[in-house]
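The sequence shown lines up with residues 1 to 452 when you count with my numbering.
FYI, nobody ran anything at the bench for these hints, they're computed from the structure.
Hints should not be assumed to be uniformly reliable.
Once the Cα atoms are required to be at most 25 Å apart in a straight line, the calculated SDA-like pairs of lysine to any residue come out as [unchecked claim]:
id, residue 1, residue 2
1, Lys400, Lys219
2, Lys301, Phe38
3, Lys219, Asp373
4, Lys190, Lys301
5, Lys400, Lys301
6, Lys190, Ser223
7, Lys133, Ala412
8, Lys219, Glu67
9, Lys301, Arg91
10, Lys219, Thr387
11, Lys301, Thr328
12, Lys133, Arg122
13, Lys219, Gly48
14, Lys133, Cys55
15, Lys219, Gly391
16, Lys301, Arg354
17, Lys133, Gly391
18, Lys190, Arg233
19, Lys190, Thr387
20, Lys372, Gly396
21, Lys372, Phe308
22, Lys301, Glu370
23, Lys219, Pro442
24, Lys133, Ala120
25, Lys219, Pro357
26, Lys400, Thr23
27, Lys219, Glu370
28, Lys372, Pro314
29, Lys400, Ala279
30, Lys190, Thr144
31, Lys301, Arg244
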Amino acid sequence: MVGGGLAGITAALALADGGMRVTLLEGRPRLGGLAFSFQRDGLTVDNGQHVYLRCCTAYRWFLERIEGAALAPLQDRLDVPVVDVARPEGRRLGRLRRDALPVPLHLGRSLATYPHLSLAERANVGRAALALKGLDLADPTLDTQDFGSWLTAHGQSARAVEALWDLVGVATLNAVAGDASLGLAAMVFKTGLLSEPGAADIGWAHVPLGELHDRLARKALDSAGVRTEVRTRVTSISTDENGRWSVQVPGERLEADAVVLAVAQREAHDLLPAGALDAPGQLLEIGTAPILNVHVVYDRKVLGRPFFAALGTPVQWVFDRTEASGLTDGQYLALSQSAARDEIDEPVAVLRERYLPELERLLPRTRGAEVKDFFVTRERTATFAPTPGVGRLRPGARTKAPGLYLAGAWTATGWPATMESAVRSGVSAASAALGALGRPRPRHLFEIEEAA
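With the sequences and hints as input, model every part of the structure.
Structural data, given as structure tokens:
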């Protein structure tokens, strides 16, 4: 198992549960991939704010498998406060929340009263949602179109895109509508908002991500009998004349019946042996997209809710991370800024000058508060870029080399680059490997076909 992110952990657990002796190799000093925690001045800080939805059934299975579900609970019912600070009459709060009604009525009342859109815009959103619901996700032509053009063709104003479609889409796709594949966008909105009433209920870790994706994951791997080696970077993989795989790490060569490559697409490309894929160069055509997180610690409480989304400001989403970080005095807010290509390399001082005044506009209580700390975390290659045409570039779990499999959120899961996609890819790779080795599939393993 090459790679100890969510895909690699999932595949390792599934293979071990299927009776295989598994060695997991991770180059970093920890597990969890790009969803991890670190220490800063006594606080435990997540590199970025991660959430999941009730429809993320594979990630929910993963949380149960590592005994972490109680530490990352879901909302009882979708409720997203949305603050707009660009209105002439001043700051205004709206909410996106669902009722206990069947789809699409579950969001009807919320949309009808959503103050950030005009009455005509709300009606047009309803019509576009019904058109979106009618799209066939199996239609490959959807991936050749961009979501923004589709929205325009279906009567969506620039305001409707900003205040609703991009509010959801940027956070889930890591791209604005005009840069996103219609196929991936349709998948997100159909699955999250137009499938089951509770599908979009939001969950997030109430503890540091490292507690879930490193400590509890490591505990589960140990219990399953997986040998886990961190700070161990794989330099090459190859097969011998008998079809056995050799995995080279510094100072050691490991032998294996099967190898799962669960690393980023560029690293996978560099490790793939000749002939493993028909067009390995396509992996290098899968672009990447950055995410920026802005972290602010105040000397007092300035936000009275766990999170909110924002309009009319560069700020996208704000989360209260006080309790999870271990802060005992004041309040710690994390701003999650997706599709951040224009800001990812900005100096901290510039970002501070930009975002502190914006927080004062959004949260009046910050105006008299002292900023105890301000820092940023940057993931320049946080996700694959969900651009039109990316679907044809994403490979499946199986390669042409017997015994070699691919996993990672960037593989062909049908999902955008999310924790859900990563876990699904790990399940797919493990299932393929177990099948090829004549091993039974563990009965408790997540069933992609049933939950897709």
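Hint check results:
Proposed proximity of Lys400 and Lys219 is contradicted: the alpha carbons are some 34 Å apart, above 25 Å. Distance restraint check for Lys301 and Phe38: the Cα-Cα separation of roughly 23 Å lies within the 25 Å cut-off, and the hinted pair is therefore satisfied. Between the alpha carbons of Lys219 and Asp373 the distance comes to roughly 33 Å, so the proposed pair goes past 25 Å and is violated. The suggested pairing of Lys190 with Lys301 is violated, with an alpha-carbon distance near 37 Å, which exceeds 25 Å.
Distance restraint check for Lys400 and Lys301: the Cα-Cα separation of roughly 56 Å exceeds the 25 Å cut-off, and the hinted pair is therefore not satisfied. Taking the CA atoms of Lys190 and Ser223, the gap is near 38 Å; set against the 25 Å cutoff, the hint is violated. At roughly 22 Å between alpha-carbon atoms, Lys133 and Ala412 fall within 25 Å of each other, so this suggested pair holds. At roughly 10 Å between alpha-carbon atoms, Lys219 and Glu67 fall within 25 Å of each other, so this suggested pair holds.
At roughly 20 Å between alpha-carbon atoms, Lys301 and Arg91 fall within 25 Å of each other, so this suggested pair holds. Taken as a hint, the Lys219 and Thr387 pair is broken in the structure, with Cα atoms around 37 Å apart against an allowance of 25 Å. A distance of roughly 11 Å separates the Cα atoms of Lys301 and Thr328; the hinted pair therefore holds under the 25 Å criterion. The hinted pair formed by Lys133 and Arg122 meets the criterion: a straight-line CA distance of about 17 Å does not exceed 25 Å.
The hinted pair formed by Lys219 and Gly48 meets the criterion: a straight-line CA distance of about 23 Å does not exceed 25 Å. With a C-alpha separation of about 16 Å, the suggested pairing of Lys133 with Cys55 holds against the 25 Å cut-off. For the hint pairing Lys219 with Gly391, the CA-to-CA distance comes to about 35 Å; that exceeds 25 Å, so the pair is violated. Note on Lys301 and Arg354: the hinted pairing holds, with a Cα-Cα distance of about 21 Å set against a maximum of 25 Å.
With a CA separation close to 20 Å, the supplied pair Lys133 and Gly391 stays within the 25 Å bound. As the CA atoms of Lys190 and Arg233 are separated by approximately 39 Å, the hinted pair breaks the 25 Å bound. Our distance criterion of 25 Å between C-alpha atoms is met by Lys190 and Thr387, whose separation comes to about 18 Å. At most 25 Å may separate the alpha-carbon atoms for a hinted pair to count; Lys372 and Gly396 exceed this at roughly 47 Å.
A distance of roughly 22 Å separates the Cα atoms of Lys372 and Phe308; the hinted pair therefore holds under the 25 Å criterion. In summary, the hint linking Lys301 to Glu370 is supported, as the alpha carbons are separated by about 11 Å, within the 25 Å threshold. A distance of roughly 19 Å separates the Cα atoms of Lys219 and Pro442; the hinted pair therefore holds under the 25 Å criterion. The suggested pairing of Lys133 with Ala120 holds, with an alpha-carbon distance near 20 Å, which does not exceed 25 Å.
Between Lys219 and Pro357 the alpha-carbon distance is near 43 Å, which puts this suggested pair outside the 25 Å criterion. Between Lys400 and Thr23, the direct Cα distance comes to roughly 23 Å. Compliance with the 25 Å bound is thereby established for this hinted pair. Between the alpha carbons of Lys219 and Glu370 the distance comes to roughly 40 Å, so the proposed pair goes past 25 Å and is violated. A C-alpha spacing of about 22 Å is found between Lys372 and Pro314, which places the hinted pair at or below 25 Å, so the restraint holds.
The straight-line distance between the Cα atoms of Lys400 and Ala279 is roughly 11 Å, inside the 25 Å bound, and the hint therefore holds. In summary, the hint linking Lys190 to Thr144 is supported, as the alpha carbons are separated by about 18 Å, within the 25 Å threshold. For the proposed pair Lys301 and Arg244, the alpha carbon gap of about 59 Å is over 25 Å, so the pair is violated.
Figure legend: structure checked against the earlier numbered hints; hints not met, in rising order: 1, 3, 4, 5, 6, 10, 15, 18, 20, 25, 27 and 31.
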